[in-house]
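**Student:** Now for the letters of each chain:
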Amino acid sequence: MRTEPIADASGTPIPVARTLHWGRWLAAAVASAVVGWLVYLVVVNPRLDWGKVAEYLFNDRILDGVWVTVEISVLATVLGLVLGVVIAIMRLSHNPVLSWLATLYIWFFRGTPVLVQLIFWYNLAFLFPELVLKIPFTTIGLKWDTNQVMTGFTSAMLGLGLNLAAYFAETVRAGIQAVDHGQTEAAYALGMTPAKRMRVIVLPQALRIIIPPTGNEFISMLKTTSLVYVVAGHDLMTNASQIYKTNNLIMELLIVASLWYMLMTAVSTFLQGRLERRFGSEAVRLVRGGGLAARILPKAAA
Amino acid sequence: MSAAGEQVVRASGVRMGYGDVQVLNGVDFTVAAGEVSCVIGPSGSGKSTFLRCLNGLETVLGGSLRVLGEEVGHTLRDGRYRPWTPKEFAAFRRNIGMVFQRFNLFAHHSALENVACGPVHVLGTPQDRARSLAMEHLERVGLADHAHKRPHQLSGGQQQRVAIARALAMNPALMLFDEPTSALDPELVDEVLEVMKGLAAEGMTMVVVTHEIAFAREVGDWLTFFADGVIVERGRPRELLANPGHERTRAFLSSVLSSKERQES
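Protein chains in written order, with our numbering: chain B, 1 to 302; chain U, 1001 to 1265.
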């Protein structure tokens, strides 16, 4: 917007008028009124006991649940990322069987609801009462009771991790394929083997594309863990629901859980920003554009 | 490096194609050690494809192609030609440098790291040694001051000189150039050609696919004209340019040469 006066033919500066965005003011006023009214209805609702929200916010079981949620999220994400890279490389392999198996894996885990997968792992004992790891045709090996291994925690980690791997494999594949083929040719021309080319030239460049979405995957995972309550994984949602089932303070405990999920998301979003600054190319930031702060304070953000 | 006069490339009846499309239709071509062989021809004539066959980036479908004493892609054992494994291809390519039209510098590495990359990851040269050697190669192409810049911070001509240094760092017995100046702004062409002239003067064996007729005339020992997947004619550059034997060659040359260049030849 121009603020500097414009000189007319005789050189006299004539000021530039300010544009008044009447439409913008009106839309902003209507939207604020609607949102404010909704918030007001909830906040002043006599049936909602804010004292209880404050009381349960730092309840021991809630805090334990937060910790378990973080643990499950981190472990499932790590499992998903590692397995996802392996499946992506299988998918791109020249070996038709490996490629087909990877496609099948992705189809299966993206094609069935996470909830079904969680319940499946939790009830694995119906199919395999014992898990046996032994050298074939001998008696040397280890044996576990499936019900003891497949606790709510492990089935949650396994179910969420295997599911994430399927989605992440597609992200990795896209990242690898986005690296210009000329890089591969130059690597081969220098005398690199296909494996070395992948490790030294292609994957490091694909990381720039792959890493930013992993932040999203993790944030999404934090909240997907709430499904774990169906297998009693002692995560935040499980514990919150167990409390409200006994005292009937459903809304209060949902608010407590939501506040914690929002805090975890905020922390992860901050870390994701750091990660993107570290690995993300300019392109990533250009596509996403500046945040709200950058638009309000363009100079401060620049 | 091979002894002078020894054959580095010997192609006879090389055929190559994709599906039903024949790209190379029986190419006979030789390069002796220390020679600079320039290849010209209209786009789609198969000249770049042929160059890419020389280091096995493309697979020959028929005929025989011997480079640096080996049948490219196959080893004769127990009376049969066994196809190479990826490892054998990699070992073969170590001795052949290649420079691409679009540079293909490794985008995540600095100029210095690009040049050191081959020695470190392919030859197992220790980092320190590889970096000091890389610095020498960058000095040779006049880019020591730009060693720590990323490819996108360099001009096209500078990128192509880094690409040449990267290929030279492997100490190749043969250098392949695939239209090295075609993607450059006109004012940047000469700095790349100068580096190539220097290499030729040092006796490097080179195959250069190019549209730079003046370079071919000045530096080339041989000039080959490709069209429709075959070699139309081949000769000493000055003779061939002054007196092309085929109508096809004449038509091509008159379309690429300015009138001034034609008077010179």
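One should not assume that every hint holds.
[Unchecked claim] On the chain U side, residues computed to face chain B include the following (Cβ under 7 Å): (1) R1082; (2) H1108; (3) S1110.
[Stated by the list, open to error] Partial list, computed: chain U residues near chain B (C-beta under 7 Å): (4) G1019; (5) P1086; (6) K1087; (7) R1093; (8) R1094; (9) M1098; (10) R1102; (11) N1104; (12) F1106; (13) G1118; (14) H1121; (15) V1122.
To be clear, the hints were calculated from the coordinates, so they are not data collected in a lab.
Glycine is no exception: its CB is placed at the ideal position from the N, C-alpha and C atoms.
**Student:** Are the hints correct? Go through all of them and say.
**Tutor:** Here is what the structure says about each hint:
1. About 18 Å separates the beta-carbon of U:R1082 from the nearest beta-carbon of chain B, more than 7 Å, and the hint is not met.
2. A cut of 7 Å between beta carbons decides the hint on U:H1108: the least distance to chain B is about 5 Å, and the hint holds.
3. Nearest Cβ of chain B to the Cβ of U:S1110: about 13 Å, over the 7 Å cut. The hint is violated.
4. Proximity of U:G1019 to chain B is violated relative to the hint, the smallest CB-CB distance being about 18 Å (cut-off 7 Å).
5. Against a cut-off of 7 Å between C-beta atoms, the interface hint on U:P1086 holds, since the closest Cβ of chain B lies about 5 Å away.
6. Below 7 Å, beta-carbon pairs count as interface contacts, and U:K1087 has one with chain B at about 6 Å; its hint therefore holds.
7. Evaluation of the U:R1093 hint against chain B yields a held restraint, the C-beta minimum of about 4 Å falling below 7 Å.
8. With a least beta-carbon distance of about 4 Å to chain B, the hint placing U:R1094 at the interface is held under the 7 Å criterion.
9. Residue-level restraint check for U:M1098 holds (minimum Cβ-Cβ distance to chain B is 4 Å; threshold 7 Å).
10. Annotation: interface hint on U:R1102 holds; nearest CB of chain B at approximately 6 Å, less than 7 Å.
11. This hint holds: U:N1104 has a C-beta 4 Å from the nearest C-beta of chain B, less than the 7 Å allowed.
12. Proximity of U:F1106 to chain B holds as hinted, the smallest CB-CB distance being about 6 Å (cut-off 7 Å).
13. A cut of 7 Å between beta carbons decides the hint on U:G1118: the least distance to chain B is about 4 Å, and the hint holds.
14. Interface hint status for U:H1121: upheld, as the beta-carbon distance to the closest one in chain B is roughly 5 Å, under 7 Å.
15. A least Cβ separation of about 4 Å between U:V1122 and chain B falls short of the 7 Å threshold, and the interface hint therefore holds.
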